[in-house]
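Visitor: Given chain G, work out where chain Y should sit, using these hints.
As they're listed, the protein sequences go chains G and Y.
Everything in the first sequence is counted per this note's numbering, starting at 1 for the first residue and increasing by one.
Everything in the second sequence is counted per this note's numbering, starting at 1 for the first residue and increasing by one.
A couple of the hints might just be wrong.
Identical chains share a label here; the pair holds if one copy fits it or two copies do between them.
To be verified - DSSO-like, lysine-lysine: derived pairs with alpha carbons at most 30 Å apart:
no.	residue 1	residue 2
1	Lys158	Lys18
2	Lys149	Lys233
3	Lys214	Lys234
4	Lys254	Lys215
5	Lys280	Lys46
6	Lys22	Lys233
7	Lys254	Lys233
8	Lys196	Lys76
9	Lys169	Lys149
10	Lys2	Lys169
11	Lys2	Lys149
12	Lys254	Lys214
13	Lys234	Lys280
14	Lys22	Lys169
15	Lys280	Lys214
16	Lys12	Lys46
17	Lys46	Lys171
18	Lys18	Lys280
Hint data in this document are derived by calculation from the structure and do not stem from the laboratory.
Protein chains: 2
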Amino acid sequence: MKIIRRPQELQKLMLELKRRNKTIGFVPTMGALHAGHMSLIQAARKENSILVVSIFVNPSQFSPNEDLNRYPRPLKQDLALCRGCGVDFIFLPSPEDMYPEGFTTYVTVEGLSGLLCGRSRRNHFRGVATIVAKLFNIVCPSSAYFGQKDAQQAAIIKRMIKDLNMPVKLKVLPIIRGSGGLALSSRNIYLNQAEKEDALVLSQALRLAEQAVKKGQRTAGTIVNSVKKFIQKKRTVTLDYAALVDPDDLLPVKTIRRDSLLALAARIHRTRLIDNTVLKLK
Amino acid sequence: MKIIRRPQELQKLMLELKRRNKTIGFVPTMGALHAGHMSLIQAARKENSILVVSIFVNPSQFSPNEDLNRYPRPLKQDLALCRGCGVDFIFLPSPEDMYPEGFTTYVTVEGLSGLLCGRSRRNHFRGVATIVAKLFNIVCPSSAYFGQKDAQQAAIIKRMIKDLNMPVKLKVLPIIRGSGGLALSSRNIYLNQAEKEDALVLSQALRLAEQAVKKGQRTAGTIVNSVKKFIQKKRTVTLDYAALVDPDDLLPVKTIRRDSLLALAARIHRTRLIDNTVLKLK
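This is chain G alone, in the form it adopts within the complex (with noise of 0.2 Å):
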């Protein structure tokens, strides 16, 4: 497993791979792997014959008021992860390669990005969007993973590659959950054992819902306040949003027709957290 810091020499290196006709399976994250990461990393592995995965505390997608500077960087416990899943390549610049001096261009999915999520995280997806184009511009990669536990995210650099024309196959994985309910998530580390039992209200709240779609329920409004209530009757656990949305192109749904989106976002404590199901008609 090769450690690469500087974008040009990584560029420099995958269009050489690229020549030579390889496959690129490429895994952005922010470190502080966990068993998600983990799924997209053995995916990527198994259908590339290279594998590159970033650790990078993007900070362009922090307000400033979130948690930039204590978002956890446990760099030896990833790097050994990678290691063990057959990584071949981890790139792992620094932020002032990665922003240099005068830097002013942005990427931003318009509509998207203003809704759910971000209506509280101003910024955010203009700053995720931009660094997928870096990141993408530097790995040349045949396919990229992502969680589907981050949706919008998802539904957002979809629209990108497709609206910008990037010559890359997006693969969106399952969430990966632990074993009550609670959706894997590398801000989980702030929950303390108390927190951590309050959140699982947040899963508990998307079975829920599954189960009523399942019983024939398809009013979108009946479903969502169900999930409101449910999640608001824990004191501890101050929800965001919760919305039933197309999952494309984020629009609230009035009657649940296709696939539909329930996604959430809570504050416990400190700690915000999100999560979300496709609420799927048969």
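Guide: For chain Y alone, kept in the frame of chain G given last:
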């Protein structure tokens, strides 16, 4: 010479050529080709194994009040010129293929895009950066060729390539002028004979400034004022701006200390023209 209309088809071809170690030279144009374009095409022909020219009048870089509909589209003549220059592929997409339903992703080079021409052409450079990013992703060029005539565009694309780590070499080639000094532009076709003669005042003003610098003048304000005065004597020409700026960040300079860009824009009747020169210190 092969004419390709579908983005996906060209991209597939280009990726295949790259795998076969071809260098791809790319000249993006809006058609109405003149000797300025020809100089780019010829340079690209010399320096690459494959030569791609795109012809696309890009709607997203025109404001509603601008000349999108009347912009010249002499396609037959353009194709003949390209054939004569040994172009391998002409990319001729439709607006619908380039901006499909739901299109919402834009590349913005902040700062630079709001200066000079950006003050009066709102969203113009957002449209330029976005279409160029798209074209780069479709054509996958090793080198892309632009004219120094559009100095601000060149500065913005240079910044975009650097900021987004695009694996493309940018080549900016000198302005080509008519016998009287008028910078070639597809929009010169809008000018009648009298207007063409009036328009000579622009390049004459630039020559004047070059002379002043040669004689030792270094104060930007003095140079810009004499340019303005010279142009304003011609009553049929309405100056939009004349500015002496740094060629990279496009910010005004007070004193000429290194190569500086003297850029101007003016209207003659309904036609907006631009011109510039780089004032060089030996």
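Visitor: Decide, hint by hint, whether the structure agrees.
Guide: Evaluation of the provided hints:
no. : hint            : verdict
1   : Lys158 - Lys18  : both (23 Å within a copy, 25 Å between copies)
2   : Lys149 - Lys233 : within (24 Å within a copy, 65 Å between copies)
3   : Lys214 - Lys234 : within (25 Å within a copy, 77 Å between copies)
4   : Lys254 - Lys215 : within (18 Å within a copy, 73 Å between copies)
5   : Lys280 - Lys46  : within (28 Å within a copy, 56 Å between copies)
6   : Lys22 - Lys233  : neither (53 Å within a copy, 64 Å between copies)
7   : Lys254 - Lys233 : within (25 Å within a copy, 65 Å between copies)
8   : Lys196 - Lys76  : within (25 Å within a copy, 68 Å between copies)
9   : Lys169 - Lys149 : within (18 Å within a copy, 37 Å between copies)
10  : Lys2 - Lys169   : both (24 Å within a copy, 27 Å between copies)
11  : Lys2 - Lys149   : within (28 Å within a copy, 44 Å between copies)
12  : Lys254 - Lys214 : within (17 Å within a copy, 71 Å between copies)
13  : Lys234 - Lys280 : within (27 Å within a copy, 70 Å between copies)
14  : Lys22 - Lys169  : both (15 Å within a copy, 23 Å between copies)
15  : Lys280 - Lys214 : within (9 Å within a copy, 74 Å between copies)
16  : Lys12 - Lys46   : both (24 Å within a copy, 24 Å between copies)
17  : Lys46 - Lys171  : within (13 Å within a copy, 40 Å between copies)
18  : Lys18 - Lys280  : neither (38 Å within a copy, 41 Å between copies)
Consistency note: the structure conflicts with the earlier hints numbered 6 and 18.
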